[in-house]
Every structure is written in C-alpha cells, then in structure tokens.
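Starting from the structure of chain A, add chains B and C where the hints point.
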Amino acid sequence: MRIISADSGAALLNERYEAQYIVAAVSVLVEPPYRIAQKHIAEPIFSKVANSHELIVHELELCQMLLKETKADVVHLDMSFGGALMEELSPIQLSNISSKARGYLLKILPKMRKIAADIKRVYGIEVLAIGKDSVPVRIAELTAGAYAILYAAEKVVKEKQGVLLGMPSKCYARRIENGVVVHSLIPAEHDIVGFAADTDEILAKVTSSELLNPCARGFRALEITPKVEPV
Amino acid sequence: MRIISADSGAALLNERYEAQYIVAAVSVLVEPPYRIAQKHIAEPIFSKVANSHELIVHELELCQMLLKETKADVVHLDMSFGGALMEELSPIQLSNISSKARGYLLKILPKMRKIAADIKRVYGIEVLAIGKDSVPVRIAELTAGAYAILYAAEKVVKEKQGVLLGMPSKCYARRIENGVVVHSLIPAEHDIVGFAADTDEILAKVTSSELLNPCARGFRALEITPKVEPV
Amino acid sequence: MRIISADSGAALLNERYEAQYIVAAVSVLVEPPYRIAQKHIAEPIFSKVANSHELIVHELELCQMLLKETKADVVHLDMSFGGALMEELSPIQLSNISSKARGYLLKILPKMRKIAADIKRVYGIEVLAIGKDSVPVRIAELTAGAYAILYAAEKVVKEKQGVLLGMPSKCYARRIENGVVVHSLIPAEHDIVGFAADTDEILAKVTSSELLNPCARGFRALEITPKVEPV
Chain A
1 MRIISADSGA ALLNERYEAQ YIVAAVSVLV EPPYRIAQKH IAEPIFSKVA NSHELIVHEL
61 ELCQMLLKET KADVVHLDMS FGGALMEELS PIQLSNISSK ARGYLLKILP KMRKIAADIK
121 RVYGIEVLAI GKDSVPVRIA ELTAGAYAIL YAAEKVVKEK QGVLLGMPSK CYARRIENGV
181 VVHSLIPAEH DIVGFAADTD EILAKVTSSE LLNPCARGFR ALEITPKVEP V
Chain B
1 MRIISADSGA ALLNERYEAQ YIVAAVSVLV EPPYRIAQKH IAEPIFSKVA NSHELIVHEL
61 ELCQMLLKET KADVVHLDMS FGGALMEELS PIQLSNISSK ARGYLLKILP KMRKIAADIK
121 RVYGIEVLAI GKDSVPVRIA ELTAGAYAIL YAAEKVVKEK QGVLLGMPSK CYARRIENGV
181 VVHSLIPAEH DIVGFAADTD EILAKVTSSE LLNPCARGFR ALEITPKVEP V
Chain C
1 MRIISADSGA ALLNERYEAQ YIVAAVSVLV EPPYRIAQKH IAEPIFSKVA NSHELIVHEL
61 ELCQMLLKET KADVVHLDMS FGGALMEELS PIQLSNISSK ARGYLLKILP KMRKIAADIK
121 RVYGIEVLAI GKDSVPVRIA ELTAGAYAIL YAAEKVVKEK QGVLLGMPSK CYARRIENGV
181 VVHSLIPAEH DIVGFAADTD EILAKVTSSE LLNPCARGFR ALEITPKVEP V
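Protein chains in written order, with the working numbering: chain A, 1 to 231; chain B, 1 to 231; chain C, 1 to 231.
Next up, chain A with everything else stripped away, as it sits in the complex (with noise of 0.2 Å):
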C-alpha cells in the first residue's frame, strides 16, 4: 500500500516549557516496510497553539498537494475515530469526545468533508480519520519535527536569539552529515524515522543540546542558540 499522511508538529516553548507556536507541517507518502517518507511536502508554519485545532485542514490540503505529485492508495489523516472514512464522519459519531473538541471539530468538519470528497471524486481514494493507529501519522510527526528543527534554527539566526523547541513525543534528533534524523523512541517504533535534508547548511550556523520537558514525561527539547564565532 503506499499511504499518504501528514501532520504539524514540534512547538517553540515559554520558559515554563509550555507550546506556545507549532513550527512545521508536513504531508508524506509512506511505503512498505513503513520506516520513512519516500516523498514529502514541508512547510514552516510557527501557528499558535491556541488556533493548533484547524491546522488538520491545513494538513488535508498538504495530501491534497502530494497527491498531485505522486499517487496513493489511501489518505491517514491524524484524527482517531477508529479508521472512519472522513467524507462519512458525521456530528453524532463525534458524541464520544470532549465538548469543547466536539466544538472545534464541528466548525471544521464541512471543510473536511468537501476536500475528503473532492480527493475521492478526483483520484478515487479514500480519506481515514485513523489517527494515532497509524504509522504513516507517525512517520509524518517525525518529519514535522526533523523540519521544525531546521525552520526553528533559521529563525535563531535570523532574529540572532535563541530558542526552545519543544519536540514531538518521544523521539529524539540526530544530526547527520547532510540533514537531522529525529528517531522514535516508542516501543517497536526504533526502525521509523523522519528525515530533513539541511540543503542550506543551516544546522552549521547554531548550536543545540538536548534537554528533557521537565513538566512533561515523554517529551524532550532542544535548545537551540546562534553559534559564536572565534573572533
């Protein structure tokens, strides 16, 4: 099967290790054995984390993007209603979740409906709200989170300030001759990867060291800082 998912992750944080902006949303095809993107879309997005809700539209139209490019046989999208067809997802299968997320995901649900339909009409797939089941969602958040790395230094470079970004659950990054490789650190999980190329030698104009979120188990930070250059 070749799968396309996407997903927006890694966060900037507050000096109280608290998201304030997410920093990247990425779409990807995955396919057999599932350990990497074979092909991808990146973007920076630094969205706050109050209006995080809607970035799964934003994300829907990233596959839509992909698939223009490469073909597929199925769209995860990274909501977990059990693997149920989002042109079909109506407002009572919503009745189980919070409230307030049921409120979110009303306001946003015709709009995803009409792109899960449109990508049905046009190349005849389907769109499953399969969520956290998924390891193509999963290989999309490792992505997100190796491009956060790259957008967040450009960022400390330009602004010449440093920053603390937050990365996606469990999984730690590593950086290699040509890009960053942020691994998985869940269980059966130590084969998949997501993998930025660091085409514009960024990652070589800062310095990062890993720390753990202290207020939340499970998820480590990088603090990233302008290199000083021997004067």
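Derived from the structure by calculation, the hints contain no laboratory data.
Keep in mind it's a predicted model, so treat the numbers as computed, not measured.
Derived DSSO-like pairs (lysine-lysine); straight-line CA-CA distance at most 30 Å: (1) C/Lys48 / C/Lys160; (2) C/Lys132 / C/Lys114; (3) B/Lys48 / A/Lys132; (4) A/Lys111 / A/Lys132; (5) B/Lys132 / B/Lys71; (6) B/Lys158 / B/Lys48; (7) C/Lys39 / C/Lys120; (8) A/Lys132 / A/Lys107; (9) C/Lys205 / C/Lys227; (10) C/Lys68 / C/Lys107; (11) C/Lys111 / C/Lys48; (12) C/Lys132 / B/Lys132; (13) A/Lys48 / A/Lys227; (14) A/Lys48 / C/Lys132; (15) A/Lys160 / A/Lys227; (16) A/Lys132 / C/Lys132; (17) C/Lys158 / C/Lys48; (18) A/Lys132 / B/Lys132; (19) B/Lys132 / B/Lys100; (20) B/Lys132 / C/Lys48; (21) B/Lys114 / B/Lys68; (22) A/Lys227 / A/Lys205; (23) A/Lys107 / A/Lys48; (24) B/Lys132 / C/Lys100; (25) A/Lys100 / C/Lys132; (26) A/Lys160 / A/Lys205; (27) B/Lys100 / A/Lys132.
Just some of the chain B residues that point at chain C, by a computed CB distance under 10 Å: (28) Ile3; (29) Pro32; (30) Pro33; (31) Val74; (32) His76; (33) Gly83; (34) Leu128; (35) Val135; (36) Arg138; (37) Ile186; (38) Asp191.
Note that the Cβ used here is the ideal one computed from N, Cα and C, for glycine as well.
For chains B and C alone, coordinates are given in the frame of chain A:
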C-alpha cells in the same frame, strides 16, 4: 512460583493488513526469573478471527493438558479481571465491559468455570483471570508468535504461496540456528522471549521480510514466501 | 528551572509478589537537563502499604526540608491533578476520582494545603499537583528505588534473612563501584536515573538477583540475600 498460562496469537493478514485467522495456541509453564517458557504445548489452529472469543476456552484446556505433565502453583488466564478467581467469576463482575464482549463471555463462562473447578479439584490450584497484568500470559503470547512463524512457514511451503503474518503486539522475531526467538519490545520486557524449535527445518524453505503494520501502530508483520530454488 | 520533588517507593513483597511495606522516601532537587537529582534527602520508612496514602504528606515535608538547604523555583508533587496549585486544590476538583481515593485525599488535604501555604509564604514558590506528568517526580521515584536497595540490604544483613524487593515501575538497578544506579526503562527516559551512594559498603555484604514480578507486568524485583562467607 510455578505458573501455567496460555494464549493464542499471531494472525494471517489480508492485503489491507486486517487480521483474518489466528494461527497458534500455546500453554506454557513459567518459573523464576519468569523470562521464558520452561515447558509448553503448542498447536496450529488457523481459527477465524470472528470466532476468536471462543479461543479462551481452548487456552484453558491447553493449560489443563500441561497440568497432566507438570506441577504448578497457579494458572494465569488471558482475561483481564484484576486477578479474580475464574471459578468464582460471576455475570455481575462483567458489568464494566461492553455489552458485546459481555455477551460473548456469558456464553463461555459456564464452560470456563467448569474447567476451573476441575483444575481446582484435581490439582488443588486456582485459575486467575489476571490477563494483561501477567508476565506468564505475555510469555505465552510470544511463544504463540514463535510457533505461528513455523506454522505459517509450513503453510507457505505446502501451498507454494506467500502469506502476511501479523505478529503479537510489540515484538520482533529473530531466527537462530535451531529455531526462532520472539523478543518483547515492551519497556522492561527486554529479557522476555518466546521460542519455537524448528525441528523439521521448515524455515530453510522460506524467505521472510519484516515490515510494520501501517494501520496498527506497535504491530509488526512478516511477509513469508517460498524460497526460490536456484535452477 | 530548579525543581524540588519527592516520592516514596520500592516495596518489600510477600511470597505471592504482593507489596507489603514501602521502603524509602526521598526528596530531590533537579536542574536542567533534568536527568538526575542534584541534591536529595533520603529516608528508610518501611511503611505498611495499607497506610501509603498518607505518605504524600511526608513527601511534602521532605520537600520542605530540602528547601531549607537549597533554592528552587517550584515544587512538583506526586499527585496527578494536571498541575493544579496544591494550595488551591479543593474538594470539588477531586470529584473525578474514585470515592475511596477521595476519602483518603479529603483526610490529608487540609494538612497538604497548610504546608503548601507555608512554602509559598516562606520561599515564595508554588507546589504543583502534577504527578505523572513530571520528570522530577520520576527522578524522585528512581532515587527512592536506589536507596530502597541500600535500606533493604541493611535489613538483610541485620536480620540475616533474605527479602524480595519490588522495584518502582519500569526500571532496573545496576551496581557501580560506589553505589547503585537505577535506570528508567520507559521510552524516552533512557537517560533518567536515580543514584544512591553506598558509603557503608553494605552492598558488599549481600547477594542480589533480578527477576520479573510475574503478577505485575513492568515491575522487576530483586531477591536480596546475605552473602555466604567462605569458611
């Protein structure tokens, strides 16, 4: 403590990675330090997933068979009722579970209580509905996974056609000289394994490659195909 | 952030692997990158598990004691109420928990709020009921586990009789030259540890072997016995 436990597991998947047939059932005897089965009985079952709620009765019968061969202090069943005595489990205690699951359980409960009472009478030991809290249940699950690889390989050789075998939750298989070891990938279970001896050297006749089940995070699958003989 | 936290943990088990006595209580000071305690106070307690709901009061007192020695920005308590301020925690916020647990909490709540108010008045910092979300709480738990090994070994030497020590959730102990390190086995916590210095060289007088608690997945136990001297 000498603990006897049982489980059935690993499933043949269809092309959408959905479980179709449960492949193996085993009962195991586990002793300190509780890391591997000391004795066991294994059976190929290839039972339809739709009927899998009845497998628990057969699992208990396999425990009974193992008790004929070896002594034990207690039986651990893969039913999660906080370690309640199987013999005393009443319909009232099932009130917390879904009505569908309760329906299935009520159907098998008289038979289960009967076997548990027999075990108590003959061997003087209790049958506990401890399920997910039990390490021996996990060892039974991994042992079933190891045997399922042998049974699936036999099927592949016999039918000259590949299968996709979904492994138990969070584990991976490793071929060793005389068989196959299934290692747990769950935190703090790094030293728990299931083992199946490949006495008929069936594994030499197949090729297998591991992939992730894209629709069920934490589950790995093996694509097992007949080995192509050099001409 | 400099965070003070506390926990009590590790338990003497009976022959059915059931916890009987909580062995150690500690408070810890944790600083970035939040991987180990910088300072701590540790106490052997050997407190009956049946009374363990009252230990949280003593844990907060240990935090208060550590505050006399060192500065901190906040106190993290092992009570999971989403990071609510302890001083403002009201019976209404306890409505989501079981009536038994609520009964215990209502009994200790006045005392807890009193100590939290004292800490606020004297040191100007908040006490948060953050529990399972806190990395420092986990570090306190692992540090308690490390000290529990020393305290249990002392008991074994004094009473010339072995004990079975149940370790905290998902961790394992490793003896090093001058003490014992307890490593977390939870995903994304591979670099979090607790440490206890064996200043009295008590560990040289005992033998220990690790096993899995068969009735509680994720929990390991140590069988600690007096070292048999060569004649």
